[in-house]
Structure formats: structure tokens, C-alpha cells
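Below are the chains, spelled out letter by letter.
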Amino acid sequence: MTHALEIRNLVKTFGGLVATDDLSFDIKTGQSVGLIGPNGAGKTTVFSQIMGELRQTSGKISLFGKTLGTRPTAERIRRGVSRTYQIPRPFLELSVLENIRVGFMPNSIWSMITKGPDKDREIQLALDVGFSQNDFEKPASDLSMGDLRKLELARTIATGAKVLLLDEVFAGLTTGEISQISGLIQDLRAKGFTMLMVSHDLPALEPLVDHVIAIERGRMIATGTFNEVINDETVRASYLGEV
Amino acid sequence: MGLRWFHFAAWGLFALGLALLPELVSKGTLRTLIFANYLAIFAISWDLLSGRTGYISFGHPFLIGIGAYTSAILTKRFGVEVEIAIPIAVIVTMIAGLIVLLPALRIRGSYFALVTLAFMELMYQLVQVIRPDLTGGTRGMSGIQTLTRGAVNGFYLSSVLMFVIAVAAWLLLRTRIGTALTALGLNESAVEGSGLSTTKLKMFAFMASAFVAGLGGAFYVHYLGSIAPRALFDINFVFTIIVAVLIGGASTIVGPIIGAFFLTFLLEYLRPFLPGAERYFIYGGIALLLYMYQPKGIYAMVMKAWHSLHERATK
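Chains as they are written, first to last, in this note's numbering: chain A, 1 to 243; chain B, 1 to 315.
Hints may be right or wrong, so weigh each one.
[As the list claims (entries may be wrong)] Example chain A residues on the side facing chain B (calculated, C-beta under 8 Å, incomplete):
| no. | residue |
| --- | --- |
| 1 | Thr73 |
| 2 | Arg89 |
| 3 | Leu92 |
| 4 | Glu98 |
| 5 | Ile109 |
| 6 | Pro117 |
| 7 | Asp120 |
| 8 | Arg121 |
| 9 | Ile123 |
| 10 | Leu127 |
| 11 | Thr159 |
| 12 | Lys162 |
| 13 | Arg219 |
Keep in mind that the hints were calculated from the coordinates and are not lab data. Being a predicted model, the structure only gives us computed values, none of them experimental. In this text, a Cβ means the ideal position worked out from N, Cα and C, and glycines have one as well.
Let the sequences and hints guide you as you build the complete structure.
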């Protein structure tokens, strides 16, 4: 199985603060990996470096065997990696379908002008993530947090990326919404998407991952199956508050 | 694009109205309408850039002025045919649009607005000191070739220009590029996070806006037959353009036309009562009230009324 994502000796410093400390890991194509750690461990910083939103101080990030180097975010997305954010970033005045449309858009001004939107694909994706027909024309500003998370997931999928970085997808959701998003992620796994997921909701994360990486202060402290990692003494001491 | 019969009907009625106006109103009113048409063109240009992308330009006369001065200099000083001078003026304005784009790649918000204001002031100073033999210096230029004679012809030319620009811009923004530019104005990082190059999108918006500004500026100078730097690179002119867009309804193309006509007639009809700058207090007051109660402008009010009528009719 080829590696969808390879992180090698990744380092990110902000002045004297080391946010990512010589971090290395691989994710195989189709694998679903959890990235856990206490607040401030540097999980989102890893996402930001993979997406090119932050430039790493040193180290290498490769996607499907090709180094991403200093490529801008938009190009990384076109190469197949996309992310969601802890706080969703919808286009508030645009409707649900228009938000999804932005994800489907080609990066060519000419195509944007000459080719109309593929409404069938937009509708299918909206239905796939759990929107009903009544929601299609709703502005994103009218959506609940659960719906905003679904919308962001839909836009991320629409970009065509096969590697998804999901940042705190369960944060701020009700139990029902967690179960709905969880079902969606299971569907994505079944469809062969590769995923790296950050979540503090460990019970929700457990059924969704093949593998877990725990980090603290930007450094990997444990890796293995979910049970191996949460039973690891270092992880329990630093993250779960138990020795 | 989601085009419906009533879209064509509305544009058709508007065109018909414009065509019939010279039969219905006085020559004086027609001259006012010509200014309204040009203000509408400048407002559409501003709306293409600032209304959609959120990059508020306080220096739009910089672009309009480049279009106007280029065509005026080419025709008056170098004897270039006006049919050739105007396209060259548009190209030069688009190149200038690229210069305005550069700061937008790094800054936005009030910083960008101030930089554009600086561009306008810089242009004001430059046309006075650099080659005044070409630009006419502080006094500007007069005796520039005009394209039409008489109010009726001037009105038809400006109306056709405004109508074609308005329909083209309206159609353009109904494609996916319109959605992408709106998204850019709402959340630039999320557009980047959707795999789209924000630089490309900004460049398109700036080029489209500069194209319209250059075209409008060039035709405007060949209507007036003269150009004066103080009248063109004037903060009141900037505010008139912006207020026209905001009163009418930003990001709609139709709104700026409504705003331009409303504002031009408001200022004209106030002239006998308030001949000085006091008139601007009145339109400022109206703009303020409108922003407080309907920030999306007259267009949104009309659309709301239309939808409620439509709902009642279908019940």
C-alpha cells in the first residue's frame, strides 16, 4: 500500500517556542489516523503545515510520494489534500449549495465563466452529507453548528481531495450531531478516503480510526492502535491526567 | 446562470424606457441623465471590485482618470483617431489596474482603502507636474474631440454604453465567477482553502473593474470635451460613486444603476434650494438612514417588495 501522506522530521518554531518537534509519521492510502494530544500540543499546527498555511522551519511533507515543498495552499488542495477547521469557515451569505459550489469550482477563471455549475453533483453531495432539500437555498448564516460542520465537510470533499484533515469535527455538537458526523466519516472511510483526525472526544474518535498518534509539545509520545495509545503511561500522564 | 423570462423582461423594459426618454423629458433633464449614466458606469466599475471582493477602493478616479487622460492626450496631442484612442485608453487603464492590485496581494480593509486613496492623490499631483504640455497641468485640457453633438445623441450614446456594460457585468456575475468573487469578499482564507487561487480571482476583479473604469472614463472625456484634474481626482467624486453603489445596493450591478440615477437627480433637484456643498449633507443623511434600516440598499427593498407581492399572488 502506498503512503498518502509522509511527514519527515517536521520542525516548526515560533521564536523560542518549538511547536512541532522532529515529528515523523506516515499515513497509508485509505487509512484513518487520529492525532491526539493536550491543548497546545501542536496538532492544528501540524495541519497548517501540511496545508501550507504555515511554512515549516525544517522537515519534509510528501503527498502520494511527491514533496509539497513551498507550494501554496490552493495547489496542495488540487494535489489532493484538504482540511476542515476547528471553527468552521462557511461563506455566511451564500446558500448551502453555493458553499458546496465553491468547493467544486475549477481553478480556471475561463471555466468558471463558460461552464455552469454541476447542480446534480452539488445536490448529491449535499444529500450525502445529510442536508435535506429544504436546506439547499438556506444561507449558511442560518445553519446550526452541526450543519456548519457538515457543510464544511461537503466543501472539503468537493475539492476532490482524497486526503482529508479533520480538525475537531465533533466540537460544539450535540450527541445526535456527533453520531451523524461519525456516520459520515464512516462512509468516507468506506469510500477509501485517507483521513487524519484531531479530536478531544476520544469515545467518538475510537470507532473511526485504524491508528492513533499522540503528541505533546509538538513531539510524538506514542503511536499504535487506539487502545495501545490511550493505555500508554506517557499519554495517560500528559493528556488523560492519570498515572 | 438561472436566467428566467422576467430577467429578460426587466432588462427589455429598462432598454425601452431609456429609448423613449428623449421623447418624454426636456433637454435639461436629458443632460442630467447623461451624468447619471456615466455615474452608473463608474459605480458598476466600483461594484465589480469593491462590492464583490470587499476590497474597498477610495481611489477609483485613479483608474477613471487614466482612461480619460490617455484618450484625451492621444486624440488632442497626437491626433490619434478616437476609435483607436479609446481601446488604447482601456488597455492602459487595465495595466494601471494591475498596479492597484499589487497592494491587494498583501493588505486589505482600511489599509487597502488608504493606499487606493494615495494612488488618487498621487495621480492628481503627477498630472500637474509631469509633462504639463501633455496633460494641461493644473488647468487640465479643453477642446477635446467630442463623439456626439446635442443632448439627445449624448444621451443615447451614454445609455447604450451603460446598458451594454450593465448587462455584460450582470451576466458575468451570474456565472460561477460571481459566486467565487462573493466568496472572496466573505472569507478569503476559506476560498484559498477550497483550492482556488485568490490572486487569480483578485486579478480578474481588478481587471474587470479597470476595464469598465477605463471605458467609462474615455467616453466621459469625449462627452465633456474637457478634463480638469481637480474635478476628477476629487474626494467628493469618490464618495458620490461609493454612495451611489451603497444606496442602490452593493454587489448587485442593478443597485449601482438605481443609486446613480437616484443620487444624480437628488443632487440636481436640491441645487435650486441648496446651491453649495450643503447638498451633500442631505444625500449623506439619506445614505446614513438607508444603511441603518436597509444596509443592502434600494435594490434589496425593491426585491423584498417584489417577493412579497409574488407570494401573495401565488397564494
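Contradicted hints - numbers only: 7, 8, 9, 10, 12 and 13
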